[in-house]
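Protein sequences appear in the order of chains Y and U.
Take the first sequence: its position 363, counted from the start at 1, is 363 in full-length UniProt numbering, and no numbers get skipped.
Take the second sequence: its position 136, counted from the start at 1, is 136 in full-length UniProt numbering, and no numbers get skipped.
Hints listed in this document are in silico derivations from the structure and should not be mistaken for laboratory results.
Keep in mind the model is a prediction, meaning the values are calculated, not measured.
Heads up, some of the hints might be wrong.
Which copy is meant is left open, because identical chains are indistinguishable; a pair holds if it fits in one copy or across any two.
List time: in silico SDA-like cross-link candidates among lysine to any residue, alpha-carbon distance up to 25 angstroms [what the hints assert, rightly or not]:
id	residue 1	residue 2
1	Lys162	Phe50
2	Lys291	Ala164
3	Lys37	Leu23
4	Lys37	Gln399
Number of protein chains: 2
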Amino acid sequence: MSTGHHEASWRLPESDPHAGTSLAHFTRLAQTAERGKFDSVFFADSPVLFGSVGRRPVGAVEPTVLLAALAAATEQIGLIATASTSYNSPYNLARRFASIDHLSGGRAGWNVVTTAGADAARNFGLEDQPLHRARYERAAEFLEVAFKLWDSWDDDAVLADKAAGVWADAERVRAVDHAGEHFSVRGPLDVPRSPQGRPVIVQAGSSEDGKVLAAWYAEAVFTAQQTLEEAQAFYNDLKVRTAVVGRNPEGIKILPGIVPVLGGTVAEALRRERELDELIRPEYARNELAKTLRVAPEDLPLDRELPADLPDEDEIEGAKSRYTLIVALARRERLTVRELIGRLGGGRGHRTLAGTPEQVADEIESWFLGGAADGFNIMAAALPSGLEEFVDHVVPLLQARGLFREEYTGSTLREHYGLPRPANQYEAGRLAGV
Amino acid sequence: MSTGHHEASWRLPESDPHAGTSLAHFTRLAQTAERGKFDSVFFADSPVLFGSVGRRPVGAVEPTVLLAALAAATEQIGLIATASTSYNSPYNLARRFASIDHLSGGRAGWNVVTTAGADAARNFGLEDQPLHRARYERAAEFLEVAFKLWDSWDDDAVLADKAAGVWADAERVRAVDHAGEHFSVRGPLDVPRSPQGRPVIVQAGSSEDGKVLAAWYAEAVFTAQQTLEEAQAFYNDLKVRTAVVGRNPEGIKILPGIVPVLGGTVAEALRRERELDELIRPEYARNELAKTLRVAPEDLPLDRELPADLPDEDEIEGAKSRYTLIVALARRERLTVRELIGRLGGGRGHRTLAGTPEQVADEIESWFLGGAADGFNIMAAALPSGLEEFVDHVVPLLQARGLFREEYTGSTLREHYGLPRPANQYEAGRLAGV
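Input sequences plus hints: build the corresponding full structure.
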């Protein structure tokens, strides 16, 4: 959410309730993150009006056009937008991300999602969402088509030979002639190969299907993990899966989300967290929780624990990993519905760290050195203030400990992440064929 | 084309052959046009790699993301991008244009095209393009869906009531429940109503189907007209058609394209035009002409006129109005294929004006006062130089004659064009229902 990851953040006196459509707001966020030497800014998305417009600011600008605007307003920071493989065509989307990669000088990333929910499907001529497995099969083919299109121009295809009047070498630009289960796409793309070769591929679903997709294709993974042990297990599992499919496990970066709530003292941080939680309207939040859990709102009395008989993850066709995380969190800590709503309202499943800058830096260090994370997705409870506080007070501690860069050492998102530039699948063939 | 509307412009020493992917290039163009107090900048588009990559720079960034980047790099000028109704879904596209309208503070326009050609169709799972009439029927329904989505939030839907914890009034945001021939879209849009209510609708096809679509929906029309008499006839025809469907004819602005080639003297201007024409490689251009005319290249000897037996416009399923214009131009002036290629290479069917700034200003004045145009689409032969010369030398003459603004008087594209802000179709109903 544009005003922060805590669902009540928009109600703070400092918050701009029109932030979701404000270029000035997003520019300030991106420039602040760039000042803090972040790898990237990242925008979630689903092509549907989510939840209740009464409850919180749900209307916001579309992230790919937002990225392009931020490309013009920033110099170095990576720019990642979410886009759906279920409700886009590969030619259009591959083209937009290649274009953003050009306009930003190689800073684009694409968070690949399959988009859960019947509500989104009904904006695209469907009665209900395709099944979970079918959505992931389509996603895999979508990525294969996108890779072909991004590789349809050799890196050196543009000759720019003004004297001879030859702009590009037609031999180094080719149709891709993809004909598959879900897509038939001739190509070539109408954009030359982009600075990064391909935008960075990000993935964020932690279901079984999501992890399979990540192992094959993802270069960065956003994930919600509540405990060090779970995060280590997830980290190891995904690195092993990546190695098993023949990829270098260093080519996939695991980035758990954390929701920092900072204070000069522990007491101040906890007070600020409590103030935010008290701004949540529980009746709205319970309706949304009921929808996620596939039960009626009246089956969730606010001061009792979750009912014992909830569906298995296998029966869920929506956002499976979010479902599992919520149920596990409630059961593990024996939370009442009211307490669960507070926890979810704060971080929506991500780990909330309320404390001093030192404590937050300690937690980050312990996860990073403990093999639970290659980096973190910093999801400030309130924006822009929470991001500014993190940049001003936590980043310097991480830099002093040698855990984080003091200056950018590269100019592309791949360089920030330490990821290689992908070879062109056709160009390799061309060279081998000589 | 990014380096100018003359197809050989990229070969000039001054031209950047990578302009099509350069944010710096497009920023310079937009800022120059803004300095000249232009209503807007406009980018053509087709989701396919057009023609030969050898011949000229055909790979360029996608225009909707380009607009968003330019929204961040400019303050006042309108921003118009072309997008296809045949190869997009209404929810995604309506959302992107509403987002650009928000990010730019009300400066977005959409040039609605149906996209001719089998090559584009093959990038989207089709073997061939849909028939011309079917494309236009889909376009009309696409626009109806987009209007519903843009109106799905009342202008005053966002209450931002922090004290009560109510962000928006759910009664003022509604599903659109469109179920038509081509689309089923539930809505609402996930973006609040944008500053202009709806982005400005632009149309550029001058075929019979195109003119019908324009009369119903367009607020600005780009057109290629070679003579004053033809331009007057087109202007009057479209104004009458617009009145016939019950719209105010002042609500549609007719904007013929002109290709200025400026010089301090007539001789200098003609020399610069000739230098550009001599950079055209006729073998490439003849192949493209043959494709448009549906004949074999060898049926077009360079030093003869066009063959007598060409298809009727009715048989053309592609860009009908362009076909008709080319044939009429060649027949009227009895041009050889070589001469025709020179004329088309310069302005691709638009009117080339080679002369002094005074001469170009005179022609603009005579068309404007003569009822042939409400304004012009300035398509400089070489970019950025041709635009800079026009802004520095022609605009001051038009301002001195009282024909053109000296400063912007509004902040939105609608205000620049003198167009009203559209009422919300649902909100009108809501008020009437009280």
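Status of the hints after comparison with the structure:
no. : hint            : result
1   : Lys162 x Phe50  : between (52 angstroms within a copy, 20 angstroms between copies)
2   : Lys291 x Ala164 : between (64 angstroms within a copy, 24 angstroms between copies)
3   : Lys37 x Leu23   : both (21 angstroms within a copy, 23 angstroms between copies)
4   : Lys37 x Gln399  : within (10 angstroms within a copy, 48 angstroms between copies)
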